[in-house]
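Quick mapping for you: the protein sequence lines, in order, are chains C and V.
Those letters in the first sequence? Residues 926 to 1210, by our numbering.
Those letters in the second sequence? Residues 5 to 137, by our numbering.
Think of the hints as simulated: they come from the structure by calculation, not from any bench.
Among the clues, some could well be false.
[Said to hold, decoys possible] Pairs of lysine to aspartate or glutamate residues, derived as DMTMM-like cross-links and limited to a Cα-Cα distance of at most 20 Å, are as follows:
id, chain 1, residue 1, chain 2, residue 2
1, C, Lys1080, V, Asp116
2, V, Lys126, V, Glu105
3, C, Lys995, C, Glu1092
4, C, Lys1075, V, Glu123
5, C, Lys966, C, Asp1067
6, C, Lys1075, C, Glu1147
7, V, Lys17, C, Glu1147
8, V, Lys17, C, Asp1067
9, C, Lys1024, C, Asp1011
10, C, Lys997, C, Glu1087
11, V, Lys126, C, Asp1084
12, C, Lys936, C, Asp1174
13, C, Lys1111, C, Glu1092
14, C, Lys957, V, Asp16
15, C, Lys1057, C, Asp1036
16, C, Lys1080, V, Glu115
17, V, Lys17, C, Asp1068
18, C, Lys1024, C, Asp1049
19, V, Lys119, C, Glu1147
20, C, Lys966, V, Asp16
21, V, Lys17, C, Glu976
22, V, Lys119, C, Asp1084
23, C, Lys966, V, Asp85
24, V, Lys17, V, Glu105
25, C, Lys966, V, Asp21
26, V, Lys17, C, Glu962
27, C, Lys1075, V, Asp116
28, C, Lys964, V, Asp21
29, C, Lys1075, V, Asp85
30, C, Lys1080, V, Glu90
31, V, Lys119, C, Asp1174
32, C, Lys1075, V, Glu115
[Said to hold, decoys possible] Among the chain C residues that face chain V by a calculated CB cut under 7 Å, a handful are:
id, residue
33, Tyr968
34, Tyr971
35, Glu976
36, Ile978
37, Tyr1128
38, Ser1129
39, Ile1141
40, Pro1143
Note that the structure is predicted; figures quoted are calculated from it, not measured.
The beta carbon of each residue, even a glycine, is placed where N, CA and C say it ideally should be.
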Amino acid sequence: MAQSMRDIKDKITSTQSTSQITKAMQMVSAAKLTKSEAKTKNYHHYMETLEDIVRNISSTSTMSHHPFFKPKSEKKCTGYLIITSDRGLAGGYNGNVLKLMQHEIQSKSRDGYKLYMIGSKGFDYAKRTGLKIENQFMFVPDDIVYQDIKPVVDKVIGDYMEGTLSEVVIIYNNYLSKISQEPATKQILPLIPKNTETTKAQYSFEPNEEEVINAILPKYLEGTIYGVAITAKLSEHASRMNAMQNATDNALEIITDLQLVYNRARQAAITQEITEIVGGASALE
Amino acid sequence: MSVMTIRVVTPDKLVFDGEAERVFARGIDGDFAVLYNHIPMMTPLGVGELRIEMQGESSYVAIESGILEISNNHINVLSNDAMMAEDIDVARAKMELERTERQKQNAKSREDLIKSEMEIVKLLNQIRVGEKK
Chain C
926 MAQSMRDIKD
936 KITSTQSTSQ
946 ITKAMQMVSA
956 AKLTKSEAKT
966 KNYHHYMETL
976 EDIVRNISST
986 STMSHHPFFK
996 PKSEKKCTGY
1006 LIITSDRGLA
1016 GGYNGNVLKL
1026 MQHEIQSKSR
1036 DGYKLYMIGS
1046 KGFDYAKRTG
1056 LKIENQFMFV
1066 PDDIVYQDIK
1076 PVVDKVIGDY
1086 MEGTLSEVVI
1096 IYNNYLSKIS
1106 QEPATKQILP
1116 LIPKNTETTK
1126 AQYSFEPNEE
1136 EVINAILPKY
1146 LEGTIYGVAI
1156 TAKLSEHASR
1166 MNAMQNATDN
1176 ALEIITDLQL
1186 VYNRARQAAI
1196 TQEITEIVGG
1206 ASALE
Chain V
5 MSVMTIRVVT
15 PDKLVFDGEA
25 ERVFARGIDG
35 DFAVLYNHIP
45 MMTPLGVGEL
55 RIEMQGESSY
65 VAIESGILEI
75 SNNHINVLSN
85 DAMMAEDIDV
95 ARAKMELERT
105 ERQKQNAKSR
115 EDLIKSEMEI
125 VKLLNQIRVG
135 EKK
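Extracted from the complex, chain C is given alone in its bound form:
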């Protein structure tokens, strides 16, 4: 007997309780995923309307001269906005994003990029590897609202407008489906002008064109970044759900195997006992 029966029994019990925890976490993530999906839907109302408006004004001349389309900065410096999660146990969620970030900055000189971080896992990583983060520490709550990410968005846009950055790229986990998420990059600044074939109406601007555009463009940008942030959150929940699903499956498999070993050990013990009794009895004869 390689292992005593009691050892195996203990192992089965502990694996069972682990599987209960992972199962619960899976269910929590599934519930959060549904909630996030509803939020994404609401956000689409907003973004669609905003995109319509931007399309309608993009033909105006003030628009194409706006610094959002033409960076002020002469030297090339890319701002990376990296979206990670606050908690682990989400499979490759954070690892993938950080790997992509390392890959992106590898080819750049030390002052060719600046990093902006959302989510505490990213900050932990930066601390470990000695990377410099420009913004202050910030969490990403599960029911993320627009105001949560506003500080970092303001900082990035501010740096861009000052001329510190020549472009801004977000690195995040894109949500493809419930079972598939992959790390992706998305350039948000400078804005890429949309083709303007379908201008609905000639608008009058109050008080003037410039004021209106100055009010709309930052909103459009903030909206885009927020959209990426909630997509990332959606991926996080989906990723955690899958990781926990796998963990639960693995635990159940281990339990089945252990149960088999346990039964064999039990059977062996019984057989041995019978052999001993029979042996003892025949010795008496």
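Knowing the structure of chain C, use the given hints to seat chain V on it.
Frame of chain C; chain V shown alone:
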């Protein structure tokens, strides 16, 4: 009387979706009203209330800056933060206001001061609109 459609959206939710005969809003240069057959227009909104009038009844929305766009008798209002008067918890907003006012007195930097002042303006607006429900 002919009616327009109006939609108030924030990044987090669809605040209002319905019809209106008259809409009153606060632009950055002052209040204005929108009636049926208004020419296509775009204008930024300041902190203030949005009044949507339909068959003699008014709905109030507290707006924390935004954009109003109107074309073909459809109005879109985009705002970072907008709340229907019914949804505003006046008591809570008052508590927040007290807290922010304390914060303002203890503000260390100019930035903090401006931030809390903006927050106060926003909360006062919420309270004012919230009391109209």
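Checked hints:
1. Lys1080/C with Asp116/V: holds (15 Å)
2. Lys126/V with Glu105/V: holds (12 Å)
3. Lys995/C with Glu1092/C: holds (10 Å)
4. Lys1075/C with Glu123/V: The hint holds at about 14 Å.
5. Lys966/C with Asp1067/C: The given pair, whose Cα atoms are some 16 Å apart, holds under the 20 Å limit.
6. Lys1075/C with Glu1147/C: holds (8 Å)
7. Lys17/V with Glu1147/C: holds (16 Å)
8. Lys17/V with Asp1067/C: holds (16 Å)
9. Lys1024/C with Asp1011/C: holds (17 Å)
10. Lys997/C with Glu1087/C: Roughly 8 Å separates the two Cα atoms, so the pair holds.
11. Lys126/V with Asp1084/C: With a Cα-Cα distance of about 26 Å, the restraint between lysine 126/V and aspartate 1084/C is violated, given a limit of 20 Å.
12. Lys936/C with Asp1174/C: holds (16 Å)
13. Lys1111/C with Glu1092/C: holds (11 Å)
14. Lys957/C with Asp16/V: Within the cut-off at roughly 16 Å; holds.
15. Lys1057/C with Asp1036/C: Roughly 11 Å separates the two Cα atoms, so the pair holds.
16. Lys1080/C with Glu115/V: Answer holds: lysine 1080/C to glutamate 115/V is near 13 Å, not above 20 Å.
17. Lys17/V with Asp1068/C: The hint holds at about 13 Å.
18. Lys1024/C with Asp1049/C: Roughly 14 Å between the alpha carbons, so the hint for lysine 1024/C and aspartate 1049/C holds.
19. Lys119/V with Glu1147/C: holds (18 Å)
20. Lys966/C with Asp16/V: holds (9 Å)
21. Lys17/V with Glu976/C: At roughly 16 Å apart (the allowed maximum being 20 Å), glutamate 976/C and lysine 17/V satisfy the hint.
22. Lys119/V with Asp1084/C: Cα-Cα ~19 Å, so holds.
23. Lys966/C with Asp85/V: holds (17 Å)
24. Lys17/V with Glu105/V: The given pair, whose Cα atoms are some 29 Å apart, is violated under the 20 Å limit.
25. Lys966/C with Asp21/V: Measuring from Cα to Cα gives roughly 15 Å; hence the hint holds.
26. Lys17/V with Glu962/C: Holds, at roughly 13 Å.
27. Lys1075/C with Asp116/V: holds (15 Å)
28. Lys964/C with Asp21/V: Holds, because 17 Å separates the two Cα atoms, which is no more than 20 Å.
29. Lys1075/C with Asp85/V: holds (12 Å)
30. Lys1080/C with Glu90/V: Violated. Lysine 1080/C to glutamate 90/V sits at ~34 Å, over the 20 Å cutoff.
31. Lys119/V with Asp1174/C: violated (50 Å)
32. Lys1075/C with Glu115/V: holds (15 Å)
33. Tyr968: holds (6 Å)
34. Tyr971: holds (5 Å)
35. Glu976: With a closest approach of 11 Å, the glutamate 976/C hint is violated.
36. Ile978: Hint on isoleucine 978/C: holds, closest Cβ of chain V at ~5 Å, below 7 Å.
37. Tyr1128: The hint holds - tyrosine 1128/C has a Cβ within 7 Å of chain V, the shortest such distance being about 5 Å.
38. Ser1129: With a closest approach of 5 Å, the serine 1129/C hint holds.
39. Ile1141: Isoleucine 1141/C check passes; min Cβ-Cβ to chain V is 6 Å, inside 7 Å.
40. Pro1143: Violated. Min distance 10 Å.
When the structure is compared with the earlier hints, violations turn up for hints 11, 24, 30, 31, 35 and 40 and for no others.
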